[in-house]
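Position chains B, C, D, E, F and G relative to chain A; hints supplied.
Here's the letter readout for the chains.
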Amino acid sequence: MLKPLGDRVVVEPVKSEEKTSSGIVLPDTAKEKPQEGKVIAVGSGVLTDNGERVALEVAEGDSVIFSKYAGTELKYDGKEYLILRENDVLAVVK
Amino acid sequence: MLKPLGDRVVVEPVKSEEKTSSGIVLPDTAKEKPQEGKVIAVGSGVLTDNGERVALEVAEGDSVIFSKYAGTELKYDGKEYLILRENDVLAVVK
Amino acid sequence: MLKPLGDRVVVEPVKSEEKTSSGIVLPDTAKEKPQEGKVIAVGSGVLTDNGERVALEVAEGDSVIFSKYAGTELKYDGKEYLILRENDVLAVVK
Amino acid sequence: MLKPLGDRVVVEPVKSEEKTSSGIVLPDTAKEKPQEGKVIAVGSGVLTDNGERVALEVAEGDSVIFSKYAGTELKYDGKEYLILRENDVLAVVK
Amino acid sequence: MLKPLGDRVVVEPVKSEEKTSSGIVLPDTAKEKPQEGKVIAVGSGVLTDNGERVALEVAEGDSVIFSKYAGTELKYDGKEYLILRENDVLAVVK
Amino acid sequence: MLKPLGDRVVVEPVKSEEKTSSGIVLPDTAKEKPQEGKVIAVGSGVLTDNGERVALEVAEGDSVIFSKYAGTELKYDGKEYLILRENDVLAVVK
Amino acid sequence: MLKPLGDRVVVEPVKSEEKTSSGIVLPDTAKEKPQEGKVIAVGSGVLTDNGERVALEVAEGDSVIFSKYAGTELKYDGKEYLILRENDVLAVVK
Numbered sequence: 001m002l003k004p005l006g007d008r009v010v011v012e013p014v015k016s017e018e019k020t021s022s023g024i025v026l027p028d029t030a031k032e033k034p035q036e037g038k039v040i041a042v043g044s045g046v047l048t049d050n051g052e053r054v055a056l057e058v059a060e061g062d063s064v065i066f067s068k069y070a071g072t073e074l075k076y077d078g079k080e081y082l083i084l085r086e087n088d089v090l091a092v093v094k
Numbered sequence: 095m096l097k098p099l100g101d102r103v104v105v106e107p108v109k110s111e112e113k114t115s116s117g118i119v120l121p122d123t124a125k126e127k128p129q130e131g132k133v134i135a136v137g138s139g140v141l142t143d144n145g146e147r148v149a150l151e152v153a154e155g156d157s158v159i160f161s162k163y164a165g166t167e168l169k170y171d172g173k174e175y176l177i178l179r180e181n182d183v184l185a186v187v188k
Numbered sequence: 189m190l191k192p193l194g195d196r197v198v199v200e201p202v203k204s205e206e207k208t209s210s211g212i213v214l215p216d217t218a219k220e221k222p223q224e225g226k227v228i229a230v231g232s233g234v235l236t237d238n239g240e241r242v243a244l245e246v247a248e249g250d251s252v253i254f255s256k257y258a259g260t261e262l263k264y265d266g267k268e269y270l271i272l273r274e275n276d277v278l279a280v281v282k
Numbered sequence: 283m284l285k286p287l288g289d290r291v292v293v294e295p296v297k298s299e300e301k302t303s304s305g306i307v308l309p310d311t312a313k314e315k316p317q318e319g320k321v322i323a324v325g326s327g328v329l330t331d332n333g334e335r336v337a338l339e340v341a342e343g344d345s346v347i348f349s350k351y352a353g354t355e356l357k358y359d360g361k362e363y364l365i366l367r368e369n370d371v372l373a374v375v376k
Numbered sequence: 377m378l379k380p381l382g383d384r385v386v387v388e389p390v391k392s393e394e395k396t397s398s399g400i401v402l403p404d405t406a407k408e409k410p411q412e413g414k415v416i417a418v419g420s421g422v423l424t425d426n427g428e429r430v431a432l433e434v435a436e437g438d439s440v441i442f443s444k445y446a447g448t449e450l451k452y453d454g455k456e457y458l459i460l461r462e463n464d465v466l467a468v469v470k
Numbered sequence: 471m472l473k474p475l476g477d478r479v480v481v482e483p484v485k486s487e488e489k490t491s492s493g494i495v496l497p498d499t500a501k502e503k504p505q506e507g508k509v510i511a512v513g514s515g516v517l518t519d520n521g522e523r524v525a526l527e528v529a530e531g532d533s534v535i536f537s538k539y540a541g542t543e544l545k546y547d548g549k550e551y552l553i554l555r556e557n558d559v560l561a562v563v564k
Numbered sequence: 565m566l567k568p569l570g571d572r573v574v575v576e577p578v579k580s581e582e583k584t585s586s587g588i589v590l591p592d593t594a595k596e597k598p599q600e601g602k603v604i605a606v607g608s609g610v611l612t613d614n615g616e617r618v619a620l621e622v623a624e625g626d627s628v629i630f631s632k633y634a635g636t637e638l639k640y641d642g643k644e645y646l647i648l649r650e651n652d653v654l655a656v657v658k
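Chains as they are written, first to last, in the working numbering: chain A, 1 to 94; chain B, 95 to 188; chain C, 189 to 282; chain D, 283 to 376; chain E, 377 to 470; chain F, 471 to 564; chain G, 565 to 658.
Think of the hints as simulated: they come from the structure by calculation, not from any bench.
No experiment lies behind these values; they were computed from the predicted model shown.
Treat the hints with care, since some could be wrong.
[Stated by the list, open to error] Derived CB-CB ranges, DEER-like: (1) A/Asn87 x D/Lys361: 45 to 51 angstroms; (2) F/Lys508 x G/Val657: 36 to 42 angstroms; (3) D/Glu294 x A/Lys68: 50 to 56 angstroms; (4) G/Lys632 x D/Lys361: 43 to 49 angstroms; (5) G/Val657 x F/Gly515: 52 to 58 angstroms.
[Unchecked claim] One side of the interface only, derived from the structure: several residues of chain G facing chain F at Cβ under 10 angstroms: (6) Leu566; (7) Val574; (8) Ala605; (9) Asp613; (10) Gly615; (11) Leu638; (12) Lys643; (13) Ile647; (14) Asn651.
Every residue gets a Cβ at the ideal spot worked out from N, C-alpha and C, and that includes glycine.
Only chain A is shown next, with the shape it has when bound in the complex:
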């Protein structure tokens, strides 16, 4: 299991549709990077200036929208994840 540190979250990106509307399968580099994902694990929180931890706003299982290209890609147990700072998460989809 991956336990992110601090204000980080582990997100499993939702793959965008791999066919264009005309039905042509695009090669990998032509696809836009995913912007939506599911939170798999969250860190212990933001460390404030006076040394306390503030719990993150997002929780395990949340569907989130995040900035394109944000975070670090990581292959773990054969699956691809992103490790993002909560700050790169724009919104939760409810």
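For chains B, C, D, E, F and G alone, coordinates are given in the frame of chain A:
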């Protein structure tokens, strides 16, 4: 529903008039980006250095003026939104 | 009405004389941008690190000197305004 | 009267001698910018992180040394002033 | 023994497999830098703005994922280590 | 007298030997800038984030080592001084 | 004696072996800069945002590992030292 994080707000931009005064319909790229919008959802507030949240000044339903090009464009449920930091909102129109 | 956010102020610039001393009317781009203006509306104040708001020093009706090129130009109800951060206001003229 | 904001001061620069030692009057651009001046007005002080104002160290009437090229030049009532941040004032001459 | 300072950790990188799937041994520069490692020693913690130390989240013996190219490489007692700031550690593998 | 502001100190640089070991007098630009000096005056101290002044560590009369090229050169009463931030003073020679 | 200021330490670098394994004495510029040293003197500590000093983690006599090229080289009493910020010290060798 989109719930923005922290000091972010979701704004639905007000489309600017698509015809110039001479009546010519401009192609998409020639139009100035919208500067006005309606707040659809607001985040939980700014996290201060000592770990408290301060509620945002803008509220759902407000008409706001925001910096051109600020924020991230997002298509959700077929509509286009912007996710802005409150700091990019210049003023509320009352 | 425009209500600026936080440490911002709405200023109506004082138009500088549009004729040069020789009486020639200059085209728009040759004029120096205005440096003086009248405060039309002020924000709710600066948000400090511990989450309190400190009222601005400038008040509605003040004549102010501000940095050339500072702020964002805004056309509202047919008039031109500037939205500035108080930090771009150099001095009040009394 | 000019009342500077925050940590700013209004300084009237002391003109440096306009002739070189050989007696040649230099054109304007060849002169070194003034480094000494007299404080005409001071702001209300530095706003600290916890929202208090700390009075400036310099006072009206002080002779000060300031960084070359610092601040904003301002013509007011036919005289030339500089608006500087106190941080650009290096020392007081006593 | 190496005792890292402050928010630093000493990590022994896990060597990635030196053969590609086709069985060809790659020269050193073609290999991707390791992203996983074992924590050998941890610093005394983060120094907060009010002068207290907050213990690190990672502990000796943890398996960690860290940013590629982060930290400083160090040869000590014939072995290669990395000294990283805890901030460059993305997650703990449990 | 020069009274530096805040965390600044006025230093009289110790002139380095103007002859090289071979006895040749070097032109001005070939000499390395002085790195040692004597503190002539000190400011009122560092202003902390909560608005208090912390007295400087260096005192009038101290011999100090400072970063090459740090600070602002100043000619005052015919003598050359440097105004440095205390942060540019590396060590006191005792 | 050199007394460093604030968060600085004076380090006497440990000279790396001046011969390569093949026995050739390398000219000065070809040698890698030292990464290990002995702490000769330490400053009074880090000044926190609320104006207190926090003692450094390293102490006189410690063997330390520090970033290559960090700090300022200083010749004093015929010996070569480095003045480093504690932040450039990576670890203590125990």
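Here is what the structure says about each hint:
1. The hinted range of 45 to 51 angstroms is satisfied by A/Asn87 and D/Lys361, whose Cβ atoms lie roughly 49 angstroms apart.
2. At about 37 angstroms, the CB distance of F/Lys508 to G/Val657 agrees with the hint of 36 to 42 angstroms.
3. For D/Glu294 paired with A/Lys68, a C-beta distance near 53 angstroms keeps the hint of 50 to 56 angstroms intact.
4. For G/Lys632 and D/Lys361, the hinted distance range of 43 to 49 angstroms is not satisfied, since their beta carbons lie about 55 angstroms from each other.
5. For the hinted restraint 52 to 58 angstroms between G/Val657 and F/Gly515, the CB-CB distance of approximately 37 angstroms leaves it violated.
6. The beta carbon of G/Leu566 is positioned within 10 angstroms of a beta carbon in chain F (closest approach about 5 angstroms), and the interface hint is therefore held.
7. Annotation: interface hint on G/Val574 holds; nearest CB of chain F at approximately 7 angstroms, less than 10 angstroms.
8. With 10 angstroms as the threshold, the beta carbon of G/Ala605 comes within range of chain F, its nearest partner Cβ sitting at about 8 angstroms, so the hint holds.
9. The closest approach between the C-beta of G/Asp613 and any C-beta of chain F is roughly 4 angstroms, which is under the 10 angstroms cut-off, so the hint is satisfied.
10. Interface hint at G/Gly615: satisfied, since its Cβ lies 4 angstroms from the closest Cβ of chain F, which is below the 10 angstroms cut-off.
11. Satisfaction of the interface hint for G/Leu638 is found here, the shortest Cβ-Cβ separation to chain F being roughly 6 angstroms, below the 10 angstroms cut-off.
12. A distance limit of 10 angstroms between C-beta atoms decides the matter here; for G/Lys643 the minimum to chain F is near 14 angstroms, and the interface restraint is violated.
13. The criterion of a C-beta within 10 angstroms of any C-beta in chain F is met by G/Ile647, whose closest approach is roughly 5 angstroms, and the hint holds.
14. A distance limit of 10 angstroms between C-beta atoms decides the matter here; for G/Asn651 the minimum to chain F is near 13 angstroms, and the interface restraint is violated.
Checked against the numbered hints listed earlier, the structure breaks hints 4, 5, 12, 14; every other hint is satisfied.
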